[in-house]
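Novice: Sequence:
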Amino acid sequence: MKKPASEFCAAAIRKVIRQIPRGKVATYGQVAAAAGYPLYHRQVVQVLRKAGESLPWQRVLGAGGEIRFKHEMAQEQRVRLEMEGVRFRGGRVDMTGHQHVFRTWEL
DNA sequence: ATCCTGACCCAAG
DNA sequence: GCTTGGGCCAGGA
1423 MKKPASEFCA AAIRKVIRQI PRGKVATYGQ VAAAAGYPLY HRQVVQVLRK
1473 AGESLPWQRV LGAGGEIRFK HEMAQEQRVR LEMEGVRFRG GRVDMTGHQH
1523 VFRTWEL
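Using my numbering, read the first sequence as starting at 1423 and increasing by one per residue.
Take the hints with a grain of salt, since some may be wrong.
Unchecked claim - Straight-line C-alpha distance at most 27 Å; calculated DSS-like pairs for lysine-lysine: (1) Lys1472 x Lys1437; (2) Lys1492 x Lys1472; (3) Lys1437 x Lys1492; (4) Lys1472 x Lys1446; (5) Lys1446 x Lys1492.
What the hints assert, rightly or not - If you anchor each label on the Cβ, the simulated ranges turn out as follows: (6) Phe1430 x Met1505: 29 to 37 Å; (7) Glu1494 x Arg1514: 17 to 25 Å; (8) Ala1427 x Gly1513: 31 to 39 Å; (9) Phe1430 x Glu1504: 28 to 36 Å; (10) Pro1460 x Glu1429: 16 to 24 Å; (11) Val1467 x Phe1510: 17 to 25 Å; (12) Arg1511 x Phe1430: 33 to 41 Å; (13) Pro1426 x Arg1471: 16 to 24 Å; (14) Arg1525 x Arg1464: 31 to 39 Å; (15) Pro1426 x Phe1524: 13 to 21 Å; (16) Thr1518 x Ala1427: 36 to 44 Å; (17) Gly1507 x Phe1430: 31 to 39 Å.
Keep in mind that the hints were calculated from the coordinates and are not lab data. Glycine is no exception: its CB is placed at the ideal position from the N, C-alpha and C atoms.
All chains, full assembly: derive it from the sequences and hints.
Specialist: Following this line, the structure appears as structure tokens:
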């Protein structure tokens, strides 16, 4: 995988995100890796921005289970997650037990 | 082509 | 715990 057509990898990323079940979360890096592009965490952001409400964006967090949003959106995300049963410890998500484990990503 | 931006990541100090 | 600097990638001006 060298120069993946952006549409192609974007599709892979969307697919991965849709697999995250309610009550679980994943980091940008994990999503990118699970999609087959370990270094595309920044593209995950692009995809989520464009996808908007058509994807469970609240389940994607920064490294360490931290919300990378600012101000109101950060609150929105936290509320949504707590509503799904995700527990917070301090300013970050308690990853222990909430981190989604992707099954052997497609070969 | 260059410069800047974005919900980033991580090793160092 | 914090900040800094370097590395990553695509898209838009």
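Novice: Take the hints in turn and mark each one as holding or not.
Specialist: Against the structure, the hints come out as follows:
1. Lys1472 x Lys1437: At roughly 14 Å apart (the allowed maximum being 27 Å), Lys1437 and Lys1472 satisfy the hint.
2. Lys1492 x Lys1472: 18 Å, holds
3. Lys1437 x Lys1492: Distance ~26 Å between Lys1437 and Lys1492 Cα, so the pair holds.
4. Lys1472 x Lys1446: Distance ~22 Å between Lys1472 and Lys1446 Cα, so the pair holds.
5. Lys1446 x Lys1492: 21 Å, holds
6. Phe1430 x Met1505: 29 to 37 Å: Once the Cβ atoms are compared, 33 Å apart, the range 29 to 37 Å for Met1505 and Phe1430 holds.
7. Glu1494 x Arg1514: 17 to 25 Å: Cβ of Glu1494 to Cβ of Arg1514: about 18 Å, so the range 17 to 25 Å holds.
8. Ala1427 x Gly1513: 31 to 39 Å: Since the Cβ atoms of Ala1427 and Gly1513 sit about 38 Å apart, the hinted range of 31 to 39 Å holds.
9. Phe1430 x Glu1504: 28 to 36 Å: 35 Å Cβ-Cβ, so the 28 to 36 Å window holds.
10. Pro1460 x Glu1429: 16 to 24 Å: 19 Å, holds
11. Val1467 x Phe1510: 17 to 25 Å: 22 Å, holds
12. Arg1511 x Phe1430: 33 to 41 Å: 38 Å, holds
13. Pro1426 x Arg1471: 16 to 24 Å: Hint holds: Cβ distance 19 Å, inside 16 to 24 Å.
14. Arg1525 x Arg1464: 31 to 39 Å: Between Arg1525 and Arg1464, where Cβ atoms are some 25 Å apart, the hint is violated.
15. Pro1426 x Phe1524: 13 to 21 Å: 19 Å, holds
16. Thr1518 x Ala1427: 36 to 44 Å: Since the Cβ atoms of Thr1518 and Ala1427 sit about 37 Å apart, the hinted range of 36 to 44 Å holds.
17. Gly1507 x Phe1430: 31 to 39 Å: 34 Å, holds
This entry does not satisfy hint 14, going by the numbered hints stated previously; all others are met.
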